[in-house]
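2 protein chains.
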Amino acid sequence: MSKAPTPKKVIITGASGAIGQNLVPIMLSNGYEVQAVTRDLENARNLKWFKDVNFVQMDINQTSDGLDVNSETGIIHLAWQGLPNYKSEFHIGSNLPSNYNFLKALIERGARHVLVSGTCAEYGMQCGKIKSSAPTHPNTQYAYAKDSLHKQLRFLQQQHDFILKWARIFYIYDQVGRRTNSIISQLNKAIDSKEEDFNMSGGEQLRDYLTVEEVAQQLFYLFEDYHDGAFNICSGEPISIRRLVENHIKKRKSNIRINLGFYPYPDYEPMAFWGERDVSKSKGQQSSS
Amino acid sequence: MSKAPTPKKVIITGASGAIGQNLVPIMLSNGYEVQAVTRDLENARNLKWFKDVNFVQMDINQTSDGLDVNSETGIIHLAWQGLPNYKSEFHIGSNLPSNYNFLKALIERGARHVLVSGTCAEYGMQCGKIKSSAPTHPNTQYAYAKDSLHKQLRFLQQQHDFILKWARIFYIYDQVGRRTNSIISQLNKAIDSKEEDFNMSGGEQLRDYLTVEEVAQQLFYLFEDYHDGAFNICSGEPISIRRLVENHIKKRKSNIRINLGFYPYPDYEPMAFWGERDVSKSKGQQSSS
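Here the protein sequences line up with chains A and B, keeping their order.
Sequential numbering from 11 applies to the first sequence in the working numbering.
Sequential numbering from 11 applies to the second sequence in the working numbering.
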């Protein structure tokens with residue numbers, strides 16, 4: 011697989027999602043011409059950088075027409091519908107074929123540099139520090155569909171010459187409570203509405219959290235500096251969810267009480283796992299691979 | 011998962027294919043009412059049992075309408091297009107979603123007893139005797155699509171209560187040269203057209219061959235006597251392809267010379283693998299599982 015020249019044009023799907031909102035400004039400030047794909051153009055009008063990009067309203071489940079793509083156009087595919095219902099049949103029955111067809115159409119039209127967001131859930135019930143070279147064992151429909159999209163695109167590389175960077179994103183700690191489903195967003199809501207208690211699980215489970223800004227930064231480095239492969243987008247540091255919540259309550263100077271053990275632990279997640287970090291903390295670093 | 015009562019109505023797709031042609035008469039003689047699905051009704055008219063079944067002309071890539079299905083109707087799904095081009099994108103891009111949607115529609119309409127033909131190719135580059143409990147490592151688009159259809163249906167069992175018997179069929183040794191792509195069919199053609207040489211690979215590779223009649227018989231036992239699971243449909247006995255060819259030349263009393271080493275060994279198949287047999291040789295046996 012030859013290395014394609016890094017394009018200065020990029021198509022970003024899910025551009026008005028939590029990660030996309032943070033990634034688009036980084037791409038713009040680094041000289042990229044951005045085509046931003048969204049299903050909801052009205053909602054996108056509120057974004058600060060709305061006028062700085064070429065916004066394309068499109069349901070990628072239906073079509074990829076209307077996108078200007080050639081071999082110089084990078085693709086950063088963040089869109090994925092139906093979350094957080096990880097066990098919905100929709101991921102396999104609908105999202106998987108439509109996302110594959112969408113990306114295949116762009117690749118057939120010449121795209122040679124494709125970055126797609128995967129998920130740490132692809133690893134399944136594995137405990138401890140996980141390398142991106144580990145075999146995957148997806149155990150929810152969501153995780154299976156993402157892992158399968160990855161593998162289907164690897165087979166597609168036998169027919170088409172393109173670079174595929176598969177970004178397995180770990181847990182997003184969203185400090186300002188935007189549109190993510192993270193526990194911190196839920197905690198912010200509880201604090202803001204002056205609730206006395208915050209109900210949560212036992213909280214002992216160890217996870218790998220990073221901010222949505224860090225995710226966007228790592229995706230940018232991954233897009234610019236790295237080769238074909240699968241990558242962990244993670245902090246590399248385990249933290250208990252209890253500690254994460256306690257830290258955030260302190261930061262918010264809140265008196266909310268945490269009610270540990272209110273919810274059971276999810277049956278589809280291991281008690282302790284975190285990523286081995288692949289993407290360096292500064293520009294211009296290529297990890298050995 | 012409860013055991014559904016064995017239905018006496020059955021839908022068979024791929025009914026006019028090599029396996030289907032042999033399976034339908036077995037089902038009929040055991041008292042089944044058969045809906046036989048085919049894409050090519052004209053071709054099906056030549057089948058001896060054409061008038062004994064309810065033939066439904068249908069492209070399962072398009073629809074499942076027109077099939078009479080309820081919880082008492084068994085499904086035996088043998089159809090699969092695009093063979094023998096194992097490395098075609100078609101298997102993943104087209105066959106996988108359309109076969110999944112076809113089966114999902116039948117299951118949503120009440121089908122509770124589903125048998126689907128898989129392939130030994132799902133095991134990938136594994137050497138030696140292979141148990142049906144072995145992890146799969148599909149390495150062609152065909153094998154990946156079959157394995158993925160299996161896994162997608164396993165996830166679907168979380169939403170719907172049905173029994174799934176996944177039949178990984180090994181190599182078909184077709185004695186009378188019908189519409190299979192087996193090496194024996196090719197050999198028969200060469201003998202019939204009085205060719206002097208039969209070009210083949212080195213022939214040392216060990217495989218697991220059974221006749222298409224044996225495949226049909228095992229599928230019938232599997233359908234009637236076994237529980238939910240994945241099963242090898244195989245002989246359980248390794249044989250070199252060279253020996254297989256030599257035996258058949260003797261049986262045909264032919265003088266054709268075999269030209270060993272003319273073709274390279276396929277790059278996607280292990281040198282030696284055969285199945286551990288799951289389905290017994292007589293009726294009414296349930297293997298311990």
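Just so you know, not all the hints are guaranteed correct.
Since the list can't tell identical chains apart, any single copy or any two copies may satisfy a pair.
What the hints assert, rightly or not - SDA-like cross-link-like pairs, simulated, lysine to any residue; straight-line CA separation at most 20 Å:
#	residue 1	residue 2
1	Lys161	Pro145
2	Lys161	Asn149
3	Lys204	Glu234
4	Lys61	Tyr273
5	Lys18	Gly246
6	Lys19	Lys97
7	Lys293	Glu279
8	Lys161	Ser108
9	Lys19	Leu254
10	Lys199	Asp69
11	Lys97	Asn32
12	Lys161	Leu38
13	Lys97	His170
14	Lys261	Glu223
15	Lys260	Gly239
16	Lys175	Glu52
17	Lys260	Ser108
18	Lys175	Ala115
19	Lys263	Gln31
20	Lys161	Gly134
21	Lys204	Gln227
22	Lys263	Glu247
23	Lys260	Tyr273
24	Lys97	Lys114
25	Lys97	Phe165
If you're looking for bench data, these hints aren't it; they were derived computationally from the structure.
Evaluated hints:
no.: 1; hint: Lys161 x Pro145; verdict: both (12 Å within a copy, 16 Å between copies)
no.: 2; hint: Lys161 x Asn149; verdict: both (16 Å within a copy, 10 Å between copies)
no.: 3; hint: Lys204 x Glu234; verdict: neither (44 Å within a copy, 62 Å between copies)
no.: 4; hint: Lys61 x Tyr273; verdict: neither (44 Å within a copy, 60 Å between copies)
no.: 5; hint: Lys18 x Gly246; verdict: neither (30 Å within a copy, 57 Å between copies)
no.: 6; hint: Lys19 x Lys97; verdict: neither (36 Å within a copy, 32 Å between copies)
no.: 7; hint: Lys293 x Glu279; verdict: neither (33 Å within a copy, 43 Å between copies)
no.: 8; hint: Lys161 x Ser108; verdict: both (15 Å within a copy, 18 Å between copies)
no.: 9; hint: Lys19 x Leu254; verdict: neither (38 Å within a copy, 58 Å between copies)
no.: 10; hint: Lys199 x Asp69; verdict: neither (30 Å within a copy, 52 Å between copies)
no.: 11; hint: Lys97 x Asn32; verdict: neither (28 Å within a copy, 39 Å between copies)
no.: 12; hint: Lys161 x Leu38; verdict: neither (31 Å within a copy, 41 Å between copies)
no.: 13; hint: Lys97 x His170; verdict: between (32 Å within a copy, 13 Å between copies)
no.: 14; hint: Lys261 x Glu223; verdict: within (18 Å within a copy, 72 Å between copies)
no.: 15; hint: Lys260 x Gly239; verdict: neither (39 Å within a copy, 52 Å between copies)
no.: 16; hint: Lys175 x Glu52; verdict: neither (31 Å within a copy, 49 Å between copies)
no.: 17; hint: Lys260 x Ser108; verdict: neither (44 Å within a copy, 53 Å between copies)
no.: 18; hint: Lys175 x Ala115; verdict: within (17 Å within a copy, 35 Å between copies)
no.: 19; hint: Lys263 x Gln31; verdict: neither (28 Å within a copy, 75 Å between copies)
no.: 20; hint: Lys161 x Gly134; verdict: both (16 Å within a copy, 15 Å between copies)
no.: 21; hint: Lys204 x Gln227; verdict: neither (33 Å within a copy, 69 Å between copies)
no.: 22; hint: Lys263 x Glu247; verdict: neither (25 Å within a copy, 72 Å between copies)
no.: 23; hint: Lys260 x Tyr273; verdict: neither (22 Å within a copy, 71 Å between copies)
no.: 24; hint: Lys97 x Lys114; verdict: between (26 Å within a copy, 16 Å between copies)
no.: 25; hint: Lys97 x Phe165; verdict: between (26 Å within a copy, 9 Å between copies)
In summary, the structure is inconsistent with hints 3, 4, 5, 6, 7, 9, 10, 11, 12, 15, 16, 17, 19, 21, 22 and 23 from the numbered list given earlier, while agreeing with the others.
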